[in-house]
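> These protein sequence lines map, in sequence, to chains A and B.
Residue numbers 1 to 779, in full-length UniProt numbering, belong to the letters of the first sequence in order.
Residue numbers 1 to 223, in full-length UniProt numbering, belong to the letters of the second sequence in order.
Source of the hints: derived by calculation from the structure; they are not laboratory data.
Treat the hints with care, as some may be off.
[As the list claims (entries may be wrong)] Partial list, computed: chain A residues near chain B (C-beta under 10 Å): (1) 216; (2) 466; (3) 468; (4) 475; (5) 482; (6) 485; (7) 497; (8) 500; (9) 503; (10) 507; (11) 508; (12) 597.
[To be verified] Restraint-style ranges between C-beta atoms, simulated for each label pair: (13) 540(A) with 43(B): 40 to 46 Å; (14) 56(A) with 168(B): 51 to 57 Å; (15) 763(A) with 183(B): 40 to 46 Å; (16) 106(B) with 763(A): 25 to 31 Å; (17) 143(B) with 580(A): 52 to 58 Å; (18) 434(A) with 20(B): 40 to 46 Å.
Only a predicted model underlies this, so the values are computations on that prediction, with no experimental measurement involved.
The beta-carbon is built from N, C-alpha and C at its ideal position, and this holds for glycine as well.
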Amino acid sequence: MFLYYTIATLSVLLYLHGFFPIPARIATKPKYNNTSEAKPHNQKAVIVIIDALRLDFISEETTPFLAKTYKNTGCFTQLKVETPTVTLPRIKALTTGNVPQFIDIIVNLASPTKLDDSIIHRAHARKKNIVFYGDDIWLKLFPDHFKRSEGTSSFYVNDFKEVDDNVTRNVKHEINRTDWDIMILHYLGLDHIGHVFGPKSPLILTKLKEMDDIIEEIYNNSKQTLFIVTGDHGMRDSGGHGGSTFPETNVPLVVLGLPCKNDTFAQIDVPANLAVLLGLDIPTTSIGQLRSSLLSHLSLSRYLEALKYNTLLLREKTDLCEESIETAKHFHELYLMNKNEDLGNNAAKLYRDCSKKISERLLKSSVKQNVGSLFVATAMVGCVVLKILQKFSGVRTHHAHLEQVAMVTVLVVQFLELFSNLILMIVTSVIFLRNIVRFNLKHLAATTDLSFLTIVSVLHPLSFLSSSFLEEEHQFWYFFAGTFVSFKLFDEPRSWVLMFATIRFLRTINQVGDKWAAVPDLADWLLKRENHLFLQLACVLALSLSACSSFMLTKRKCMFIVDVLVLFLIYLYRMVVNENVVLGQVLWMLILLKFFYCSVRGHGLLPTWLLIANLLLKPYNLILIPMCVFASQHFHRALKAEDLVMAHWWMGNLLFFAQGHDNSLASVDISAGYVGLSNYEPALVVPQVLCHTYALPVLSHLLLFRNKQIDTNKCLSLFVMFRSYIIAVVFIVTFIHRHHLFIWSVFAPKIFAEASHFGFLFVEVSCHYLSQTINKFFI
Amino acid sequence: MQVKHSFYEYSQILHGNDVVTSIYVLLFIIFLNYNNLLLKVWSFDNIYIIIILAAAEVTKYIIHATRDSSSVHRHSVKDLFMISLMLTSVFGIVYVIAILFGAPVFSMFEETFIFSVIVTTVTALPVGLHLGPKAAVNMFLSLTSYDSDNIHNLFMLKIRLSLFGAWLGAIVIPLDWNRPWQNWPIPCCIGTLLGYAVANVITSLLQFQQRGKLLKKAGKYIL
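So that you can see chain A by itself, here it is in the shape it has in the complex:
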């Protein structure tokens, strides 16, 4: 059976590989060179990028200097940025003028690849001196292009002050030096505040004033300098970013020191315009257009030259608009001969229309996806689902080993792209059909006792066809859990009403999803400074109830005193010492101690996991843990067999959403991964973040397996089957919707979310099999 789980996991990886291919970028040598030797308007340029800068953050009240100055000599532009609204792809867009692919969001966490061309490369080629201070991602992207630089780490989100002071410190030195041409600054403090407190926090206002003051200081100490202040992406109303809401995808661009007009255009247009403004070559990767609002100070002949240059560069990327460009060139030449304004304007219009068409076409064209891989992966996952069903209904299969070998071979071959897609698709179809034919619905119906929850679980993935139900998936789980409970109300009213009321209460702690995400929830209320006492009370209540539930589960056989100590220390850690690093490490040591002691005694992972969950969850979420345990007790008492298993499965999924997660990547709480750490260390942060995300689902599973009458292997097979079924449907739905407007903002994150759920379930199953093997060998 375990081999089938591995096959399913490999298929998921294959699908990801086929859906998000790493694009190969060809750096073409431009056939058309910029022959203009005219002096640019500004000698120096200062580019300030403030991470997570929202449109409404630039105003008279928040940034007085900027708001006043751009009205005199400058302009305010609304910049439309593409998804994913995460730093690395946005910096790439700002510098290369192209739209990075969704895969960059994963690469954002590992080290990014080098770029082939960008505005920085072009400036470096023209022997411009560039200094950079800020997010160290720039140093990874442009390792040799800065005359002086210093990077700051972007992953330690709890630091608001030092990360920016380290930049400002260098800025003060640079103002007095004259040997640089371009200064680039990337401030991270605002983004960090947003992640932890959200855009309405008073800390935001202080930070914006700080930024305003710094820019004012640089401005007053420099002359003839072009200033560009922008954000790489925005910030959503709940504080994070990564999705496609309006505040995330619209950022301000403030230009100072240049006569220009207010406008609205795309972020990818910035490098091309910047190149013209600074007298550089336009990067070969740019697919942006030139904007007359920024170039109004140029003479018509200079403007036409720039337009011609950009349009011809764009034309090299795709065959569109050939005739119009020739006509435009013709008008351009005529204009140069007799200086007729009308001809010049006509040429400009033709150039602009063509470059708009080409730019938009290039922006829209989707990356080639490997349909063969997608088909093979989906069919393989389907096969695994059928295999598990066959096992449940007791059907014996002939040549099982041969089939397994065939499946693994097909997966590996498809991944390495050794054979033609068609042959592999045919082989996969044969395997799949063979399994379908052997599948007997009647036999299955006889061996299972269908519960309401099972039927709804089967129908649930069909809701993924609608993007709204993907965004609001939590509503589905809450609603149908409520329906299940209301059926049970007729059997035993009092306890089930209590259960219903508990679910209703737990829903209010965190608002997730898209439609009602900005509605204030209990967590927001508890985090307010004036309600700190209530937060402390909630924390104490939750921890005491956790102690009770731990007592109930292990009945003092497993070092209960350690439990009490740990829970008390967690209270101190969260509420008193403000997450002191040393205390965090002490807590992890104690938990490790408990793990070794309890596992030896044969109590399994459950008592330890209870403590881990208490340690990692945010204080306002702690109440979920004892509620989970009590609910599980109630299920064990009131439900039988299939209902019991499905109820725990549902509880795990429901609490996942109640904790504050949903199907968007912005909901993963990275700040939870720093217990006992003072720096970003991927090997320690990532496991903590994963354990935090899946704390409650795993707790539900462990509470189910505690019951001696439950066959753990069978339950795990059931869970894997449901996860595989869900992910197969997600694969199919995403493939159908691959040209949908929301493909990158809703469906692609769902694939990642489901792949992550599946991966973690696979880890759970592996740990279980591992512990079983160890038990067999040592007992």
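For this one, chain A is given, so just place chain B on it according to the hints.
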């Protein structure tokens, strides 16, 4: 007090009631739609909508009582008190259940109130009037497991379908179409009324079929 019903006589009048009900509920919904009242059905200003529905139910009962006084549940003064008690408790339970399913607890009182009143009017009021408060309470308590082979089945069908319509109406609430009729409680109220209308259509057809069988048995063919 259990009333002995002669199935044929009882169902003839109820059949008429059901046919009339299915027509007037559907017409009522269309009327509300065209007068742009559908979106404001939850407002206290428009409470006359519910009064009309309630009055219709009472009228049907009175017509039933006057045309066939033997098969109808007799109401005494004590019964009136019991019926109001039953209606209030059903209202309260529906309100609480609506909140447990997700309606806001500390706001939108008007909306949830009107929703609960509509559900009560359509499920509890007819049953309470026609069959008496005790039978109505029994029916509600055994919502999932009721099985009888007399006329009560039809009433149960109406209750179930109305509640199912209310439940189903919640599907459109999380969609991101940003339409005004997606807000609570409008889709659920419309769902209840539509469920009630559909239930009446089905019971009319069932009674028509049943009546046909009875006539055959009695040897009379009326076409």
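> Confirm or reject each hint.
The hints, checked one at a time:
1. The beta carbon of residue 216(A) comes no nearer than 41 Å to any beta carbon in chain B, farther than 10 Å, and the hint placing it at the interface is violated.
2. Taken as an interface hint, residue 466(A) checks out: its beta carbon lies about 7 Å from the nearest beta carbon of chain B, inside 10 Å.
3. Annotation: residue 468(A) was flagged as interfacial toward chain B, and the flag holds, the nearest CB pair being 4 Å apart, inside 10 Å.
4. Look at residue 475(A): its Cβ gets to within about 5 Å of chain B, closer than 10 Å, so that hint holds up.
5. Because the beta carbon of residue 482(A) sits about 5 Å from the nearest beta carbon in chain B, less than 10 Å, this interface hint is met.
6. At its closest, the beta carbon of residue 485(A) sits 8 Å from a beta carbon of chain B; the interface hint therefore holds under the 10 Å criterion.
7. Evaluation of the residue 497(A) hint against chain B yields a held restraint, the C-beta minimum of about 8 Å falling below 10 Å.
8. Hint status for residue 500(A) relative to chain B: holds, with the closest Cβ pair at about 5 Å, below 10 Å.
9. For the restraint placing residue 503(A) at the interface with chain B, the shortest Cβ-Cβ distance is roughly 8 Å, inside the 10 Å limit, so the hint holds.
10. For residue 507(A), the shortest C-beta to C-beta distance to chain B is roughly 7 Å, which falls under 10 Å, so the interface hint holds.
11. Because the closest C-beta pair between residue 508(A) and chain B is about 8 Å apart, less than 10 Å, the hint holds.
12. Because the smallest distance between the Cβ of residue 597(A) and any Cβ of chain B comes to about 42 Å, over 10 Å, the interface hint for this residue is violated.
13. Checked against the hint of 40 to 46 Å, the C-beta distance between residue 540(A) and residue 43(B) comes to roughly 44 Å, which is consistent with it.
14. About 40 Å separates the C-beta atoms of residue 56(A) and residue 168(B), a value inconsistent with the hinted range of 51 to 57 Å.
15. The beta-carbon spacing between residue 763(A) and residue 183(B), approximately 42 Å, falls within the hinted interval of 40 to 46 Å.
16. The hint said 25 to 31 Å for the Cβ distance between residue 106(B) and residue 763(A), and at roughly 41 Å that hint is violated.
17. The hinted range of 52 to 58 Å is satisfied by residue 143(B) and residue 580(A), whose Cβ atoms lie roughly 55 Å apart.
18. The beta-carbon spacing between residue 434(A) and residue 20(B), approximately 59 Å, falls outside the hinted interval of 40 to 46 Å.
Consistency with the previously given hints fails for numbers 1, 12, 14, 16 and 18, ordered from lowest to highest.
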